Amino acid sequence: MKTTFAFAAVAAFVAVSGPAHADNMVFSSWGGTTQDAQKAAWASPFTEKTGITVVQDGPTDYGKLKAMVEAGQVTWDVVDVEGDYAAQAGKNGQLEKLDFSVIDKSKLDPRFVTDYSVGSFYYSFVIGCNADAVSACPKTWADLFDTTKFPGKRTFYKWSAPGVIEAALLADGVAADKLYPLDLDRAFKKLDTIKSDIVWWSGGAQSQQLLASAEAPFGSVWNGRMTALAASGIKTETSWEQNITAADSLVVPKGSPNAEAAMKFIAMATSAEPQAALAKATGYAPINVDSAKLMDPETAKTLPDQQTASQVNADMNYWADNRDAIGEKWYAWQAK
Amino acid sequence: MSTYSDASGAIMPLPKARRATGFGGVVPALAFVAIFFIAPVAVLLLRSVLEPVPGFGNYAQLIGSATYLKIFANTFIVSGLVTVISLLIGFPVAWALAIMPGRLTSVIFAILLLSMWTNLLARTYAWMVLLQRTGLINKMLIGMGLIDKPLALVNNLTGVTIGMTYIMLPFIILPLYGVIKKIDPSTLQAAALCGANRWQCLTRVLLPLAMPGMAAGALMVFVMSLGYFVTPSLLGGTANMMLAELIAQFVQSLVNWGMGGAAALVLLVVTLSLYTVQLRFFGNQNPGGR
Chain A
1 MKTTFAFAAV
11 AAFVAVSGPA
21 HADNMVFSSW
31 GGTTQDAQKA
41 AWASPFTEKT
51 GITVVQDGPT
61 DYGKLKAMVE
71 AGQVTWDVVD
81 VEGDYAAQAG
91 KNGQLEKLDF
101 SVIDKSKLDP
111 RFVTDYSVGS
121 FYYSFVIGCN
131 ADAVSACPKT
141 WADLFDTTKF
151 PGKRTFYKWS
161 APGVIEAALL
171 ADGVAADKLY
181 PLDLDRAFKK
191 LDTIKSDIVW
201 WSGGAQSQQL
211 LASAEAPFGS
221 VWNGRMTALA
231 ASGIKTETSW
241 EQNITAADSL
251 VVPKGSPNAE
261 AAMKFIAMAT
271 SAEPQAALAK
281 ATGYAPINVD
291 SAKLMDPETA
301 KTLPDQQTAS
311 QVNADMNYWA
321 DNRDAIGEKW
331 YAWQAK
Chain B
1 MSTYSDASGA
11 IMPLPKARRA
21 TGFGGVVPAL
31 AFVAIFFIAP
41 VAVLLLRSVL
51 EPVPGFGNYA
61 QLIGSATYLK
71 IFANTFIVSG
81 LVTVISLLIG
91 FPVAWALAIM
101 PGRLTSVIFA
111 ILLLSMWTNL
121 LARTYAWMVL
131 LQRTGLINKM
141 LIGMGLIDKP
151 LALVNNLTGV
161 TIGMTYIMLP
171 FIILPLYGVI
181 KKIDPSTLQA
191 AALCGANRWQ
201 CLTRVLLPLA
211 MPGMAAGALM
221 VFVMSLGYFV
231 TPSLLGGTAN
241 MMLAELIAQF
251 VQSLVNWGMG
261 GAAALVLLVV
271 TLSLYTVQLR
281 FFGNQNPGGR
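These protein sequence lines are chains A and B, in that order.
Under our numbering, the first sequence has 27 at position 27, and the numbering climbs by one with no breaks.
Under our numbering, the second sequence has 85 at position 85, and the numbering climbs by one with no breaks.
Keep in mind that the hints were calculated from the coordinates and are not lab data.
Watch out, some of these pointers could steer you wrong.
From the derived model, a few chain B residues whose C-beta atoms are all more than 12 Å from chain A [what the hints assert, rightly or not]:
1) Val84
2) Ala152
3) Gly227
4) Leu234
Simulated restraints on C-beta separations [stated by the list, open to error]:
5) A:Asp185 to B:Val107: 43 to 53 Å
6) B:Gln61 to A:Asp185: 17 to 27 Å
7) A:Asp146 to B:Gly143: 28 to 38 Å
8) A:Ser202 to B:Ala192: 40 to 50 Å
Below, simulated BS3-like cross-link-like pairs (lysine-lysine); rule was C-alpha separation at most 30 Å, straight line [unchecked claim]:
9) B:Lys149 to A:Lys336
10) A:Lys336 to B:Lys182
11) A:Lys149 to B:Lys149
12) B:Lys70 to A:Lys64
13) A:Lys293 to A:Lys105
14) A:Lys49 to A:Lys91
15) A:Lys195 to A:Lys105
16) A:Lys336 to A:Lys107
17) B:Lys149 to A:Lys195
Only a predicted model underlies this, so the values are computations on that prediction, with no experimental measurement involved.
We put the beta carbon where it would ideally sit given N, CA and C, even for glycine.
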């Protein structure tokens, strides 16, 4: 019986010691080079300024986030999530309302601000191509869906998220301002025409690998990955024609033990300079409108915020409302 | 521990009073199983019948949908295929290991174990690089003039089967080796002396004697394959999605724990019933069979 008691004591201790110390907070993101950049551009200067240590964790996992909030054992204070998820989780009561007396939203791109979230950085789905591997690169979504003009494998994002459905509809001739509400049947019908030629990527590194090895010489990828690929010496072509934007968001899970520090962290992360530093490191665009003038023109040119003329905005609110329904259809179609 | 060493280092039996007696001794173990295995499964079961609305809706949806049934079928087809191929490759290897000279055996064992201990993700990515259109295998085949267009070896059933078989092989070779090693070589000699040809020696003497090892290894591989995630997710296409990947999507991406729980529970029930069947048929047999 002693053992059982000891066990209970340990369990109780673990439960009590759960919340982190006040001078600590935890930031969760997706890992890899992006999180490294977030650490360098946001967390380090933040710690220097406030003395609050930012513990890095990840990768972000929506199941885990939900479990934390439901169990009342939240160990993440600020989480980098996808924009449509942020909008949905906010509505479902899983997030803390952001404190806009601490976070200055007047300088933030309003497309990426809600009561519960602000943009982290924003990216575009572009048409990327390994120009060394093919004689001609697709320029438009219609090209990417045209297997006669551009034979071979093409790669698309595997998960149900803004991007691929929009691309299919645009390729099928839907006008950019008539995309929403999404005509899913039409999109899947269009996707059916290239289904056997699709290789799916489930993470950024994989999309790079597929393009670089010419396993799939072209496809729809995050623009930052093209910047990185070009830097590696491969001859790449990126078409910004109707680039589809989406953003990552910063959120605070409901019941975060260090919500106050979390607000300060978000305020810092979304201010002009750290946003510019992150953009420089990742090739993703800043969501602070003052960041652009802090960047050298060479870098700024490669960012999605310079491509607004040909830009299509994915509707995060539409996605938030229909996330589950689209997801179910999406995975069912994929497995068919 | 039922023994301890005294000062002289000799092993002494524990004094009777300190020995765990009766049911009390297993309480910690049972508590461990209850907390870390039974409780989570119970929660999962509850969620699958309570979310999003109470009832068996999740199960009905799971069984009523052609897509999900196809994913179940895929899971069993891939697992079965991997099990059969692992047996076909693993048996000769285990046999060779059992009869080879000691030094060679330890080299092959080292290779086997090292590959088992290498990071799973790294090994899976390695296969991805080897198998792709512009990968080593396709380049070699084209270079040798055997094919003129690259074969589609990855992002499909072929890729999953190759990658999973490679990862599962040690799990079939090791138990098989243990069983074959215990078979007395003189039984084969006796069979030969009694007039059995090589084929009869194999099918009527060796295979029946090795059966418990084959059954144990095959079950282990089959059950592990049923719940496999990383390799099918990376080497397979979406057309041959397996159950574990569906569960991951329900839990992580769609945050639909009711469906995820239902799918996970179906997988668990299937696994447990397979295990029961195996125990019934092979559980009483002493491996090595004498």
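Check each numbered hint from earlier against the structure, then list the numbers of those it violates in ascending order. Failing hints, ascending: 2, 4, 5, 8, 10, 14, 15 and 16.
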